[in-house]
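Chains as they are written, first to last, in my numbering: chain A, 366 to 662; chain G, 4 to 141.
Please note: incorrect hints may appear among the correct ones.
Claimed, not checked - A few chain A residues that don't get close to chain G, going by computed Cβ distances all over 10 Å:
| hint | residue |
| --- | --- |
| 1 | A424 |
| 2 | R432 |
| 3 | A435 |
| 4 | S437 |
| 5 | D471 |
| 6 | A496 |
| 7 | P500 |
| 8 | V536 |
| 9 | G596 |
| 10 | G597 |
| 11 | P614 |
| 12 | P622 |
| 13 | P628 |
| 14 | G631 |
Unchecked claim - Quick partial rundown of chain G residues pointing at chain A, CB under 10 Å, derived from the structure:
| hint | residue |
| --- | --- |
| 15 | A48 |
| 16 | L50 |
| 17 | C52 |
| 18 | N67 |
| 19 | G94 |
| 20 | P99 |
| 21 | W101 |
Please keep in mind that the hints were generated in silico from the structure rather than gathered at the bench.
Heads up, the beta-carbon is just placed ideally off N, CA and C, and yes, glycines get one too.
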Amino acid sequence: MAKRWTRRQFLGGMALTVLSAWAGGVPLRRARAAGRLRAVHLSDFHWGYRGAYNRHPEASLQAVWSRIAALSPKPDLAVVTGDLIEATGDAAQRQARLTEVKALLDRLGMPWHAVPGEHDAFGDGGQRFEAVIGPRYYHRRLGGVEIFGLDNVSRGPFLDPGQLSWLEHEVKTLADDSVVLVLSHAPLFPLFIPWNWYTYNGDVVYRLFRRFSAKQFLFGHIHQALDRVQGGMNRAGLPTSWPLPEPGPLVRLEPWPQGATHPEMGLGFRVLDWQDGQFQEASVYLEPPPGTLGVAP
Amino acid sequence: MSRASAMLALGAVAAFWPLPQKPPRPAPQPAAPSIVEGARLYHHACLSCHGPRGDGQALVLLPNGQAAPPLDHLAGTAKAMPELLRAIGEGGGAMPAWGLVMTPREIQSLALYVASLNPASGPSDRADSPGPTPASFR
Numbered sequence: 366m367a368k369r370w371t372r373r374q375f376l377g378g379m380a381l382t383v384l385s386a387w388a389g390g391v392p393l394r395r396a397r398a399a400g401r402l403r404a405v406h407l408s409d410f411h412w413g414y415r416g417a418y419n420r421h422p423e424a425s426l427q428a429v430w431s432r433i434a435a436l437s438p439k440p441d442l443a444v445v446t447g448d449l450i451e452a453t454g455d456a457a458q459r460q461a462r463l464t465e466v467k468a469l470l471d472r473l474g475m476p477w478h479a480v481p482g483e484h485d486a487f488g489d490g491g492q493r494f495e496a497v498i499g500p501r502y503y504h505r506r507l508g509g510v511e512i513f514g515l516d517n518v519s520r521g522p523f524l525d526p527g528q529l530s531w532l533e534h535e536v537k538t539l540a541d542d543s544v545v546l547v548l549s550h551a552p553l554f555p556l557f558i559p560w561n562w563y564t565y566n567g568d569v570v571y572r573l574f575r576r577f578s579a580k581q582f583l584f585g586h587i588h589q590a591l592d593r594v595q596g597g598m599n600r601a602g603l604p605t606s607w608p609l610p611e612p613g614p615l616v617r618l619e620p621w622p623q624g625a626t627h628p629e630m631g632l633g634f635r636v637l638d639w640q641d642g643q644f645q646e647a648s649v650y651l652e653p654p655p656g657t658l659g660v661a662p
Numbered sequence: 004m005s006r007a008s009a010m011l012a013l014g015a016v017a018a019f020w021p022l023p024q025k026p027p028r029p030a031p032q033p034a035a036p037s038i039v040e041g042a043r044l045y046h047h048a049c050l051s052c053h054g055p056r057g058d059g060q061a062l063v064l065l066p067n068g069q070a071a072p073p074l075d076h077l078a079g080t081a082k083a084m085p086e087l088l089r090a091i092g093e094g095g096g097a098m099p100a101w102g103l104v105m106t107p108r109e110i111q112s113l114a115l116y117v118a119s120l121n122p123a124s125g126p127s128d129r130a131d132s133p134g135p136t137p138a139s140f141r
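Looking at chain A on its own, in the form it has when it is part of the complex (with noise of 0.2 Å):
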């Protein structure tokens, strides 16, 4: 004979569920475990840069390909968070410089997806960047990952009301269990607000993702490693072309030379797997800075 449940011991029992999922991290909403991608995050090219930051950015560039094509197991995909190329106000060498970007990306031998970052829109507002490269902000699947493209630059600091507008009603269409990955240039959290490592209206884009747990916010912009909980795992990718400071110490934000002993310090990219229902990070420096572990994947 089945036994009865008094109201109390349901009650108990229910809060007793809830806090043990509580306090062992376990998400009250499960994603799907089923599925699995590797995607690798590059970020900040700056084609074309010549300079003192680097003097030799086409070298550091093939030297993070050839790690690339080192990566065992292969990715299945390779997210670019902008800033593919160094800016300029001249039309056709910013066409130039999209395009020799775009024949690099390809020659990963894998799908790519990029957002526009300021460098890259500066000039005509991304219009050069979404003919060679792609839309400006958009949505795909792979590998059950939904992954979202955003554009927190072309138009200033932040996502335009047309772009929040599609991003509200794509979102609508997914499942509550669905695996998310987002992308954009800058963070969408207040990272350092006085030198633009932020988006206007980034609590927005949280709020519409906020019914997923199992997600990841992946920008670029501020050429060094860092992860920040806020309305979900942020990571920032690694840059090809050179390191920047921490936020805080420095008033104005300036790059410093490249020295010559440890020319490709904190330069490198970034590997995401995700497999049996979680994320799982790794972060692959050509040299990585002083106390820093970089992890072989």
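Chain G: place on chain A using the hints.
Just chain G now, kept in the frame of chain A:
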């Protein structure tokens, strides 16, 4: 408690669930444009490129390596305020069109603050000035 009375109680709860909500509060009336709000917005949206004092001492350079222009000379003439409102709201060049994400009142507040950065515009002038009106924006 018998099964019948339990079912009755459950039905009563279901009948009244969700509980009637309170009528929504009336939306707060928009506050008048203010320099205080403008200062807050300036530090959020303008400071990095135009400098903490609006004098062009930028904390970050534009992507082309140039600094955004100083703002502390823009006020002081009758036509300065309409031009400020237009520049902030509609942008141009590397300047974003903040009207895409800010309300007209916020843009008016921002313009008031930027105008106040002009060392030549005395406090008494500003106190007597009616400031921009919604009609003067766009």
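Each hint tested on the structure:
no., hint, in the structure
1, A424, "holds (23 Å)"
2, R432, "holds (28 Å)"
3, A435, "holds (33 Å)"
4, S437, "holds (37 Å)"
5, D471, "holds (25 Å)"
6, A496, "holds (19 Å)"
7, P500, "holds (19 Å)"
8, V536, "holds (19 Å)"
9, G596, "holds (18 Å)"
10, G597, "holds (22 Å)"
11, P614, "holds (13 Å)"
12, P622, "holds (15 Å)"
13, P628, "holds (22 Å)"
14, G631, "holds (19 Å)"
15, A48, "holds (6 Å)"
16, L50, "holds (6 Å)"
17, C52, "holds (7 Å)"
18, N67, "holds (5 Å)"
19, G94, "holds (7 Å)"
20, P99, "holds (3 Å)"
21, W101, "holds (7 Å)"
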